[in-house]
Amino acid sequence: MNGDILGVFAGALASGRIRVVDLTCTLSPDFPVIVMPPELGQSAPFRMERISRYDGSGPAWYWNNLSFGEHTGTHFDAPIHWYTGRDLPLNSVDTLPPADMIAPACVIDCSQQANEDADFLLTVSDVVKWEDENGRIRPRSWVLLRTDWSKKSGAAYANLLADGAHTPGPDAEVMRWLVAERDIIGFGTETIGTDAGQAGHFSPPYPAHHYLHGAGRYGLQCLTNLDHLPPKGAMIVAAPLKIQNGSGSPLRVLALVQERSTG
Amino acid sequence: MTGPLPRPKRKNPLARTTQPLLPPQTRSRKAHGFTLAAAIGRFMLQCCGECGRYAYPAREACPNCLSSALTFLDAPTGGALLSETRIEVTSDPYFREHMPWRTGMVQLDCGPVVVAHLHGDCGGPGARVAMSLQLDKAGQAVFFAKSVSETPHMEDDPQWRQLSADPKYRRVLISDGRSPMAVALVNALKKAGAAKIFVGVAEQWKPFEERTLLEAMEGVEVVDLDLTSERSVQELAIDIGAKVEILINTADHVRPAHLFDASAANTARDVMDHTVMGLMRLSQAFGPVMRSRGADGATGAVAWVNVLSVHGLSNARQFGVHSVAHAACLSLSQWLRNELRQGGIRVINALTGPLDTEWFQTVPPPKVAPKALADAVVDGLKRGLEDIYIGDVAKDIEARLFDNPKAVEREAGR
Amino acid sequence: MVPPRMRQSYDSVVLAVPVTVPYQRYSIETAHWWMGKALRALAEGAGISHRDFDGFSVASFTMGPDVAVGLTQHFGLSPRHIDHVPMGGASGIVSLRRAARAVQAGDADIVACVAADTNSVDSFRNLLEGFSRFSQDAVYPYGAGGANGSFALIARHYMDRYGATREDFGKLCVAQRDNALRNPHALMKKPLTLDQYMSARVIAEPFRLFDCVMPCAGAEAFLVMREETATSLALPFVRLLSAIERHNAFPDDPMQVRGGWVMDRDELYGMAGVAPDDMDFVQTYDDYAVISMMQFEDLGFCAKGEGADFVRQHTFTIDGSFPHNTSGGQLSVGQAGAAGGHLGITEAIRQLLGAAGGTQVHEVRLGLVSGFGMINYDRGLASAAAILARA
Chain D
1 MNGDILGVFA GALASGRIRV VDLTCTLSPD FPVIVMPPEL GQSAPFRMER ISRYDGSGPA
61 WYWNNLSFGE HTGTHFDAPI HWYTGRDLPL NSVDTLPPAD MIAPACVIDC SQQANEDADF
121 LLTVSDVVKW EDENGRIRPR SWVLLRTDWS KKSGAAYANL LADGAHTPGP DAEVMRWLVA
181 ERDIIGFGTE TIGTDAGQAG HFSPPYPAHH YLHGAGRYGL QCLTNLDHLP PKGAMIVAAP
241 LKIQNGSGSP LRVLALVQER STG
Chain A
1 MTGPLPRPKR KNPLARTTQP LLPPQTRSRK AHGFTLAAAI GRFMLQCCGE CGRYAYPARE
61 ACPNCLSSAL TFLDAPTGGA LLSETRIEVT SDPYFREHMP WRTGMVQLDC GPVVVAHLHG
121 DCGGPGARVA MSLQLDKAGQ AVFFAKSVSE TPHMEDDPQW RQLSADPKYR RVLISDGRSP
181 MAVALVNALK KAGAAKIFVG VAEQWKPFEE RTLLEAMEGV EVVDLDLTSE RSVQELAIDI
241 GAKVEILINT ADHVRPAHLF DASAANTARD VMDHTVMGLM RLSQAFGPVM RSRGADGATG
301 AVAWVNVLSV HGLSNARQFG VHSVAHAACL SLSQWLRNEL RQGGIRVINA LTGPLDTEWF
361 QTVPPPKVAP KALADAVVDG LKRGLEDIYI GDVAKDIEAR LFDNPKAVER EAGR
Chain L
1 MVPPRMRQSY DSVVLAVPVT VPYQRYSIET AHWWMGKALR ALAEGAGISH RDFDGFSVAS
61 FTMGPDVAVG LTQHFGLSPR HIDHVPMGGA SGIVSLRRAA RAVQAGDADI VACVAADTNS
121 VDSFRNLLEG FSRFSQDAVY PYGAGGANGS FALIARHYMD RYGATREDFG KLCVAQRDNA
181 LRNPHALMKK PLTLDQYMSA RVIAEPFRLF DCVMPCAGAE AFLVMREETA TSLALPFVRL
241 LSAIERHNAF PDDPMQVRGG WVMDRDELYG MAGVAPDDMD FVQTYDDYAV ISMMQFEDLG
301 FCAKGEGADF VRQHTFTIDG SFPHNTSGGQ LSVGQAGAAG GHLGITEAIR QLLGAAGGTQ
361 VHEVRLGLVS GFGMINYDRG LASAAAILAR A
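Chains as they are written, first to last, in the numbering used here: chain D, 1 to 263; chain A, 1 to 414; chain L, 1 to 391.
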């Protein structure tokens with residue numbers, strides 16, 4: 001075996017044997033953000049205001065000012081985001097260990113169930129079934145819940161009804177189990193949160209946030225293109241902005257996928 | 001007899017849009033006493049504090065007793081027409097486009113003789129007339145005489161339409177369809193004959209109850225409009241900017257905050273973004289095109305209404321952020337008014353007390369029902385007002401501010 | 001209060017050297033150019049240098065930003081009496097009255113009374129727009145009809161009240177046009193019929209085109225001096241017998257139906273020792289025929305309200321029963337701004353000197369000139385009149 005692993009990796013990238021899949025939604029002003037009851041604080045949506053565009057304010061250059069909440073668009077949740085993770089070391093995006101920014105992914109395809117039921121909940125048995133086919137989830141892996149929800153947009157994507165959002169997510173037990181029994185590095189979804197739309201009514205409320213961040217693990221949400229990933233074997237590159245004391249940030253999430261060798 | 005205003009035809013795309021011109025606007029400082037009265041729909045003349053006689057035109061000393069104690073007081077609105085003319089030749093570019101123009105001399109019941117614009121239906125010399133002070137296209141006060149009794153299609157008189165902002169056959173944009181005022185405004189505008197009503201809705205992905213109601217109404221079109229997004233506002237202006245003759249900005253964002261709360265600054269910024277910056281974005285996107293259409297036919301662009309809180313005039317502690325934002329909106333509205341006046345567009349501030357809506361749930365009555373607000377806005381448009389105080393609370397604050405602004409400030413702090 | 005003192009007579013005050021600088025419809029020159037022409041004509045007519053004028057009285061709407069004292073430097077004058085009389089149609093007679101007292105008292109020996117205005121394509125609109133504070137506040141924003149709009153209101157009311165008709169006004173206008181055809185300086189060169197007058201295009205009801213004067217550029221001027229001065233210069237002259245002025249008379253009349261002449265006419269005729277019937281001609285201030293009609297009444301040629309009847313009973317041409325505005329008046333000569341108030345005076349001097357040429361009325365001894373001006377708000381405020389006599 002050649003000791004030059006990165007050299008081989010570079011060659012595989014150049015030859016196309018390793019494909020790069022972009023799991024990121026485009027940040028735009030009309031991308032839905034999480035909605036809290038109006039008397040509570042709200043996340044600012046993404047906004048872009050022009051500084052100049054080869055004009056009087058800057059004759060040769062184009063640039064903009066941006067504003068957005070930490071949890072806007074495709075974004076990363078750090079442990080400090082939830083009260084359960086508030087006292088952990090290295091719990092904010094600026095102190096996040098860089099090695100944690102690259103990790104393998106297990107993709108559990110629940111797109112059919114989610115298509116049939118907006119309130120679909122991932123359970124331990126779903127994961128066990130996946131393990132029966134793909135093998136046990138290795139420690140420090142991302143578990144990504146594929147629902148194809150990212151193919152929706154606007155009102156259908158947010159799916160807000162009078163009693164709140166109706167979007168798929170994990171139940172409480174599977175989150176406790178994934179963290180405690182499978183030692184996952186994080187959990188990712190295609191919806192606005194790592195938790196289901198109705199997760200405020202679960203026990204504990206918002207179990208993905210509760211268990212992930214309480215154990216120093218991470219969340220990724222508003223992912224897309226999960227249907228381009230194999231169930232197992234993809235490597236995820238997820239490096240949030242280094243914001244002092246930040247609880248999360250929009251980011252570019254990339255997946256590296258090895259093409260099946262044809263010899 | 002006034003003929004009914006014909007429904008405007010679709011514009012000939014090959015025809016140049018008539019550029020707005022303004023009537024003569026030089027006035028003495030004293031004459032702005034009439035501007036004040038006209039802006040709020042009152043009829044006031046200078047009256048001598050010593051000999052009690054009314055004087056006109058505005059002057060610095062009473063011609064009867066030379067007292068300088070001349071103050072603008074409400075006066076009876078009756079008068080008799082002494083003489084009239086129809087001017088057909090003028091060297092003024094604005095009036096040249098509106099010839100012939102009917103004016104007359106009116107002896108007011110309170111004494112003075114005034115030159116006034118005449119409604120087409122008021123009789124010849126000797127006729128009794130009802131007087132009002134109006135703001136013309138230049139925003140300057142002028143006297144207007146009309147017949148004492150109603151006549152058919154009275155509001156369609158071409159000279160009167162230069163002084164009013166009647167919604168009839170005009171297209172209206174309401175900036176915030178989620179506002180509890182929206183449905184009431186739509187109803188009032190439809191009743192007043194508006195040709196079409198665009199209702200802006202931000203973040204269409206968030207459902208709201210009145211949406212189906214609005215969508216079911218004839219002549220109403222729900223459009224994407226998020227005042228916190230420059231892009232959203234610009235894109236809507238590109239689509240419909242040249243079709244908006246009356247813009248009613250109902251944007252508000254009432255969020256309670258105590259000044260010393262850590263989160264108050266965030267709340268304030270959020271509120272400012274929805275209100276002040278929202279009005280700024282709306283002004284930048286819709287202001288230029290509306291200004292350029294101020295003389296675009298009988299139903300050209302005519303008015304911009306900002307529905308604002310009367311607390312913008314004096315801070316109310318329990319709605320501190322709200323008061324701050326609306327004070328800033330008032331200032332921005334003045335700025336906008338000065339810009340749009342170049343196009344003959346009237347900017348109306350509809351100052352209201354607390355509305356009878358969820359965000360003012362804890363405020364004791366009297367509160368303003370959305371319908372009352374909508375009716376007052378449409379009435380202000382028809383009468384050509386510039387400042388409208390809506391509801392008992394707003395009227396009370398207006399009167400008390402006029403009397404003693406410090407008292408209002410202290411009493412709000414208790 | 002002590003009773004008013006008897007006015008001193010104008011004994012020995014004379015007028016000489018009537019000057020008209022021929023009018024132009026529009027001019028690219030300033031008012032100063034027209035004043036210079038007038039001053040030069042005065043000096044040449046008097047046979048002396050303009051530096052010998054020790055009095056200078058000027059009337060103009062378009063001389064701004066200059067004032068009278070500034071104009072002395074502009075024209076190289078060193079006067080010891082100067083006056084600026086911004087009174088429009090009354091400024092000619094007001095200038096004359098002040099100059100008369102100055103020469104009578106010896107404050108000055110020769111006063112040059114000059115009125116000049118230019119007329120560019122935009123100057124008339126500018127004049128209307130900025131005419132007065134009351135006009136800016138309370139008249140101009142109402143249709144911007146200018147003087148036509150304001151006098152239309154006065155005319156309509158006068159017609160309603162006294163039964164005057166457009167035909168009556170037309171008769172005066174047509175007669176003046178007949179007179180103007182004999183005046184080479186008149187801008188109006190074509191005959192005018194009553195039909196043309198009646199059917200012309202509407203300007204501001206009841207006024208049509210020929211009811212209104214045509215603004216133009218031009219200058220009028222004359223010299224005022226003592227008789228002895230005129231004699232020493234061997235100048236032909238006419239005598240000033242009497243003169244009156246009055247401003248803002250009858251402020252309580254809701255609409256103007258009379259001018260200040262009514263208050264002072266007894267004195268006018270008393271000082272001169274003559275009666276209205278003695279006049280051989282009358283030069284009224286004819287910004288509108290209705291105002292001439294008002295002057296017939298207010299100066300005692302007929303009673304109030306009988307102006308229309310008076311017009312119907314007389315003819316007003318040079319050879320008519322009541323020779324009136326023999327030059328053609330402003331209606332047919334043109335209105336050169338403030339010079340319109342001097343036009344009647346220069347024409348009267350020429351008539352009395354027998355130097356009126358084509359417009360000369362036969363055998364004239366006495367003439368009346370009246371002035372009227374300054375529609376500050378709803379009415380003309382200034383009224384004035386003078387009686388001149390052949391020497």
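Bear in mind the hints are in silico, worked out from the structure with no lab data behind them. Please read these numbers as outputs of a predicted model, since none were measured by experiment. The beta carbon of each residue, even a glycine, is placed where N, CA and C say it ideally should be. One should not assume that every hint holds.
Only pairs whose alpha carbons sit at most 25 Å apart, straight line, appear in this in silico BS3-like list of lysine-lysine [unchecked claim]:
#1 Lys9(A) x Lys382(A)
#2 Lys11(A) x Lys382(A)
#3 Lys152(D) x Lys206(A)
#4 Lys151(D) x Lys206(A)
If you want the footprint, here are the derived chain D segments under chain A, 3+ residues with CB under 8 Å [claimed, not checked]:
#5 30-40
#6 45-52
If the Cβ cut is set under 8 Å, some of the chain A residues that face chain L in the computed set are [claimed, not checked]:
#7 Pro23
#8 Gly49
#9 Glu50
#10 Thr85
#11 Val115
How the hints compare with the structure:
Distance hint between Lys9(A) and Lys382(A) is fulfilled; the C-alpha atoms sit about 22 Å from each other, no more than 25 Å. Distance check on the hinted pair: Lys11(A) and Lys382(A) sit about 24 Å apart at the alpha-carbon level, within 25 Å; holds. Pair hint Lys152(D) plus Lys206(A) holds up; C-alpha atoms about 14 Å apart against a cutoff of 25 Å. With a C-alpha separation of about 18 Å, the suggested pairing of Lys151(D) with Lys206(A) holds against the 25 Å cut-off.
Under a criterion of three residues with beta carbons nearer than 8 Å to beta carbons of chain A, the stated coverage of the segment 30-40 of chain D is upheld, 5 such residues being counted. Chain A is given as covering the segment 45-52 of chain D, and this holds because 4 residues of the stretch bring a CB closer than 8 Å to a CB of that chain, at least three being needed. Hint status for Pro23(A): holds, given a least beta-carbon distance of 6 Å to chain L, under 8 Å. The interface hint given for Gly49(A) is broken, as the beta carbon of that residue sits about 21 Å from the closest beta carbon of chain L, more than 8 Å.
The restraint placing Glu50(A) at the interface with chain L is violated, with a minimum CB-CB distance near 18 Å, outside the 8 Å limit. Hint status for Thr85(A): holds, given a least beta-carbon distance of 4 Å to chain L, under 8 Å. Given the 8 Å rule on beta carbons, the hint for Val115(A) holds: about 5 Å separates it from the nearest Cβ of chain L.
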